[in-house]
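Participant: Letter by letter, the chains look like this.
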Amino acid sequence: MQEILQYTWGALVSFVVAFTVGITYMGLNRKITARVQNRIGPPWYQNFFDVLKLGSKETSIHHGVMQHMGPAFIMVTAVMSLLIIPILNDNRFFPNLNFHGDLVFLLYIMVFGPLGMALGAGQTGNPNSAIGVTRGLSQMVGFEIPWVMALVALMIQYKTTSIVDLMNLQAETGRWLMFTSPFAFLAAVLAMLGMFRYAPFDIVGAPQELASGPMSENGGKYLFVMMSAGSVFAFAKLTLYVDLFMGGANNLIILVVKTFILYLIPMLYGIVSPRYRTEQAIRYFWGWPSLFGLLAILQAVFL
Amino acid sequence: MNMIYIVFIVLLGGALLTFFANRISGLLRDTFFLLTILATTVLFFTKIHIGDTVSFTLAGLNLKWGLDAFGWYFSLIVLGLGTMAAFYALSYMKGKDRLGYFYFSFLISILSMLGILMSHDLVSFFIFWEVMTWSSYLIVIYSGRNVQKNGINYILLSALGAYAMLTAIVMVYANIHTLSISEMINTYPQFSHVQQVWLPVLFLMAFSVKAAMMPLHVWAPGAYSDAPMAYTSVFSGALSKMGIYGMVIVFVSMISYLPDDTLFKETFAWLGAITAILGTLWAIAQDDARKLLAYSSIAQLGYIITGVAVGTDLAMLSALFLAALHALFKGTLFMAVGAIERQTGTVKFTEVTGLIRKMPWTFIASLLAIIALAGIPPLGGFVGKWMLYESLINSNHYILVIAIFFASTAAFLYCYKFLFGFFLGQEEKEWENVKEAPALMVLPMLILAAGTLVLGTFPGILLKPADAAMQTLGYASTEGHLWSMSILFNEWGDQVLLRPLVYAIAGTFLFFLIILTVKGWKNTRYVSTKDISSSGEVPLEYENLTFSVNFYQPFLRAVGPVMKKRMIYYYREFGSGMEALFDYSRRIYNGNGQTYAIYVMIFLVIILLFKNSIFG
Numbered sequence: 001m002q003e004i005l006q007y008t009w010g011a012l013v014s015f016v017v018a019f020t021v022g023i024t025y026m027g028l029n030r031k032i033t034a035r036v037q038n039r040i041g042p043p044w045y046q047n048f049f050d051v052l053k054l055g056s057k058e059t060s061i062h063h064g065v066m067q068h069m070g071p072a073f074i075m076v077t078a079v080m081s082l083l084i085i086p087i088l089n090d091n092r093f094f095p096n097l098n099f100h101g102d103l104v105f106l107l108y109i110m111v112f113g114p115l116g117m118a119l120g121a122g123q124t125g126n127p128n129s130a131i132g133v134t135r136g137l138s139q140m141v142g143f144e145i146p147w148v149m150a151l152v153a154l155m156i157q158y159k160t161t162s163i164v165d166l167m168n169l170q171a172e173t174g175r176w177l178m179f180t181s182p183f184a185f186l187a188a189v190l191a192m193l194g195m196f197r198y199a200p201f202d203i204v205g206a207p208q209e210l211a212s213g214p215m216s217e218n219g220g221k222y223l224f225v226m227m228s229a230g231s232v233f234a235f236a237k238l239t240l241y242v243d244l245f246m247g248g249a250n251n252l253i254i255l256v257v258k259t260f261i262l263y264l265i266p267m268l269y270g271i272v273s274p275r276y277r278t279e280q281a282i283r284y285f286w287g288w289p290s291l292f293g294l295l296a297i298l299q300a301v302f303l
Numbered sequence: 304m305n306m307i308y309i310v311f312i313v314l315l316g317g318a319l320l321t322f323f324a325n326r327i328s329g330l331l332r333d334t335f336f337l338l339t340i341l342a343t344t345v346l347f348f349t350k351i352h353i354g355d356t357v358s359f360t361l362a363g364l365n366l367k368w369g370l371d372a373f374g375w376y377f378s379l380i381v382l383g384l385g386t387m388a389a390f391y392a393l394s395y396m397k398g399k400d401r402l403g404y405f406y407f408s409f410l411i412s413i414l415s416m417l418g419i420l421m422s423h424d425l426v427s428f429f430i431f432w433e434v435m436t437w438s439s440y441l442i443v444i445y446s447g448r449n450v451q452k453n454g455i456n457y458i459l460l461s462a463l464g465a466y467a468m469l470t471a472i473v474m475v476y477a478n479i480h481t482l483s484i485s486e487m488i489n490t491y492p493q494f495s496h497v498q499q500v501w502l503p504v505l506f507l508m509a510f511s512v513k514a515a516m517m518p519l520h521v522w523a524p525g526a527y528s529d530a531p532m533a534y535t536s537v538f539s540g541a542l543s544k545m546g547i548y549g550m551v552i553v554f555v556s557m558i559s560y561l562p563d564d565t566l567f568k569e570t571f572a573w574l575g576a577i578t579a580i581l582g583t584l585w586a587i588a589q590d591d592a593r594k595l596l597a598y599s600s601i602a603q604l605g606y607i608i609t610g611v612a613v614g615t616d617l618a619m620l621s622a623l624f625l626a627a628l629h630a631l632f633k634g635t636l637f638m639a640v641g642a643i644e645r646q647t648g649t650v651k652f653t654e655v656t657g658l659i660r661k662m663p664w665t666f667i668a669s670l671l672a673i674i675a676l677a678g679i680p681p682l683g684g685f686v687g688k689w690m691l692y693e694s695l696i697n698s699n700h701y702i703l704v705i706a707i708f709f710a711s712t713a714a715f716l717y718c719y720k721f722l723f724g725f726f727l728g729q730e731e732k733e734w735e736n737v738k739e740a741p742a743l744m745v746l747p748m749l750i751l752a753a754g755t756l757v758l759g760t761f762p763g764i765l766l767k768p769a770d771a772a773m774q775t776l777g778y779a780s781t782e783g784h785l786w787s788m789s790i791l792f793n794e795w796g797d798q799v800l801l802r803p804l805v806y807a808i809a810g811t812f813l814f815f816l817i818i819l820t821v822k823g824w825k826n827t828r829y830v831s832t833k834d835i836s837s838s839g840e841v842p843l844e845y846e847n848l849t850f851s852v853n854f855y856q857p858f859l860r861a862v863g864p865v866m867k868k869r870m871i872y873y874y875r876e877f878g879s880g881m882e883a884l885f886d887y888s889r890r891i892y893n894g895n896g897q898t899y900a901i902y903v904m905i906f907l908v909i910i911l912l913f914k915n916s917i918f919g
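Residue numbers (the working numbering), protein chains in the order written: chain X, 1 to 303; chain V, 304 to 919.
It is possible that some hints are incorrect.
[What the hints assert, rightly or not] Partial list, computed: chain X residues near chain V (C-beta under 10 Å):
(1) Thr8
(2) Pro71
(3) Ile131
(4) Met155
(5) Leu294
[Unchecked claim] Restraint ranges, calculated between C-beta atoms of paired labels, are given here:
(6) X:Leu107 to V:Glu846: 36 to 42 Å
(7) X:Leu107 to V:Thr649: 35 to 41 Å
(8) X:Thr8 to V:Asp563: 55 to 61 Å
(9) V:Asp400 to X:Leu107: 49 to 55 Å
Don't read these hints as lab results, they were simulated from the structure.
Backbone N, C-alpha and C define an ideal beta-carbon position, used for all residues, glycine too.
Just chain X, same shape as in the assembly:
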């Protein structure tokens, strides 16, 4: 009983942290994008208002059961990933399931959300949703390749599939994996560009073309859940990268700094990029990123 309470408490705290940080990052993204484009832009806390507004709205129509379940699916994915990704090196403050973190399990959990959400989007009958979904799933197949290659390289090199073991290893040797396995890091970071779906990989929800794609028929509370899930998921992914390649973090401030530096990569890459078509995006991921992934595996096997 004590244990369950502790788990629940840990889950709650990590959720709140992830939510806050994630939403702040999205606000900062808007601000920075605006400054780069020589606009003033909204204040960094604008997204909190947006989310609160959406959460307080009442919905009056629905398209069926699957539409109700879609946002819940994506939320489950976000929370599940958060629960098995260790947040800090020291587990005391976030007593989650994260000390059982397993990479293979995580890989599967992370692709579950898009599929669940795709089902929800499918039932609305809006053609834009379905088009967005097909693009999103195709693009996912694209970036999964370098991403899996990077992870497999890590698994080979350090002979473990556990995230916690990798973190402990970095803590012991004092060397970050981004330096000891640079190719894996490169492949993973390039795959991250696709994961975040900023430009040039934003054709999934292309606002001018598809009316925000998969979420086009969702508003109010549905959009609220989707947005919060998106920000929690973003934080979870950034934390995973920090855990795997940047030695984890000993306290929240270091974690925020490290994740923000990582977050700048897809953001800044996106601001100056045009948009790829889906097949171009897929080919992109199967080009240089996969080559780096292959090099990472070669390095892991032979060095």
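Take the given structure of chain X and dock chain V to it, following the hints.
Facilitator: Frame of chain X, contents of chain V only:
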């Protein structure tokens, strides 16, 4: 009389009775059909025990039948799926003609599969194998469509496999003068090296045809989609597993004795992976749901072949687990397609849409099966896939892991296409009056789909017989160090404790579902799928908003170069090459009497010239 005889007599007699009862009344035929399959299942699982054997002499050959744990595991698949498909068939086939013929072939193919699993000598194995091919061929051509194309493809490749197997059997007999399978396995290490290589190659050729491994898969898409769906679920779920059954035996008992066994194993593991990748890509490109599932079956069997070929404890366990699971979910999916075909008359994704509110139970069954197919936790598919990944990483097959992972991620695309194409999307006027399929069709689907759900939570149910089967093959017991009674309620390899994860999944899901629905459900009203707003415009009734043509066009463009050539193209090229060669021989036999006279002359001249050296 031994129970093994009785089971075969019940099946054969039941098949004949069903066939002849067709002339008297439909009800009698259905009763006989159902009684036969039920009686067989009950007798098999209550009266026949592992270790039972019978032997008798026929035409001077010692034949031996018996049941071991490995065969029992596969007969679980055959009879479990067979019974469900039989119930389904009663409703699905209602009103079609030549039912006696169909039910007869159905029962005979079940009989032949049981026979294969129980054969302990090569002669009965070969005979049952041929009976299996013929009975399934009869059902493939039952519909009368594309017999020239798909039927011929199937029977030709099956014959190729059968000749390969026959050659291997003759080789064995010439060597050791006995046909017992266990004798063959025991004396295999003493064979000459050439034979040691050729024997598994020939056997594997026969088994790969049935398991639809590339490049011998070309029969599968046509044959799977032309047979009535009631049988295709057995065809893809159980009959193709006979190939896996044989492969496992060959890999464990022959190839592991070869000095260059790694080459064999790597080749087959890679063939399996390539089958998985290409099968998946072709499945994505299909518009016909039956074809999609057929290619998906090819791809799924690719994973299983990879697991078998890698052959470590965990890989073999995952292969056996996936084999049973594939029967469950692919059986369900083919049945769902059959239900849709029966209710709407078409199986094309571009024609049917928006059935979710009309056929909710079919949707639920398909959804569960699709989640299991995609290998998403917490359903059974994930357990099998996970074991496969772990085994590949542990046995240093790194690139193979990525290939398999690519195939199973790309599988999401056709999974979504299946669900979206049939059930989601725009609800069209044309399909307004579609009703749910009859209960007799829905129940088997739901039972099979529930099976995947149960196995995700309690995989121990299936891992236990799988473990017993592997011990028969000579593996050490995997119980304890690889699995405990249930993964979810025990630790797995000290790495992940799944129980809290499952609770967390369920908890979070319910929490957010409640936020969204309990408040929302009563206050909101359902609106049709035409009632959507797009940039403030509401589409009119006649506007077509269905998105189903060129569904994955961007993806297919990206992978286009891989899919340019099809294997069937090379077979056709080979065929026309052979034809050209034979045509060439017509220049010799050109039908002209004068030419033949010259041939006779030349022949005589040669004989006269070389008279001394020939007869001297």
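Participant: Does each hint hold? Answer for all of them.
Facilitator: For each hint, the structure was consulted:
1. Given the 10 Å rule on beta carbons, the hint for threonine 8 of chain X holds: about 9 Å separates it from the nearest Cβ of chain V.
2. At a threshold of 10 Å, the smallest CB-CB gap from proline 71 of chain X to chain V is about 6 Å, leaving the interface hint in force.
3. Checking isoleucine 131 of chain X against chain V by beta carbon gives a least distance of about 6 Å; that is within 10 Å, so the hint holds.
4. Given hint, methionine 155 of chain X at the interface with chain V, holds; its Cβ is 6 Å from that chain's nearest Cβ, closer than 10 Å.
5. Interface hint at leucine 294 of chain X: satisfied, since its Cβ lies 8 Å from the closest Cβ of chain V, which is below the 10 Å cut-off.
6. Between leucine 107 of chain X and glutamate 846 of chain V the beta carbon distance is about 41 Å. The supplied range of 36 to 42 Å therefore holds.
7. About 37 Å separates the C-beta atoms of leucine 107 of chain X and threonine 649 of chain V, a value consistent with the hinted range of 35 to 41 Å.
8. Separated by about 57 Å at the C-beta atoms, threonine 8 of chain X and aspartate 563 of chain V satisfy the suggested range of 55 to 61 Å.
9. A beta carbon spacing of about 50 Å between aspartate 400 of chain V and leucine 107 of chain X agrees with the range 49 to 55 Å that was offered as a hint.
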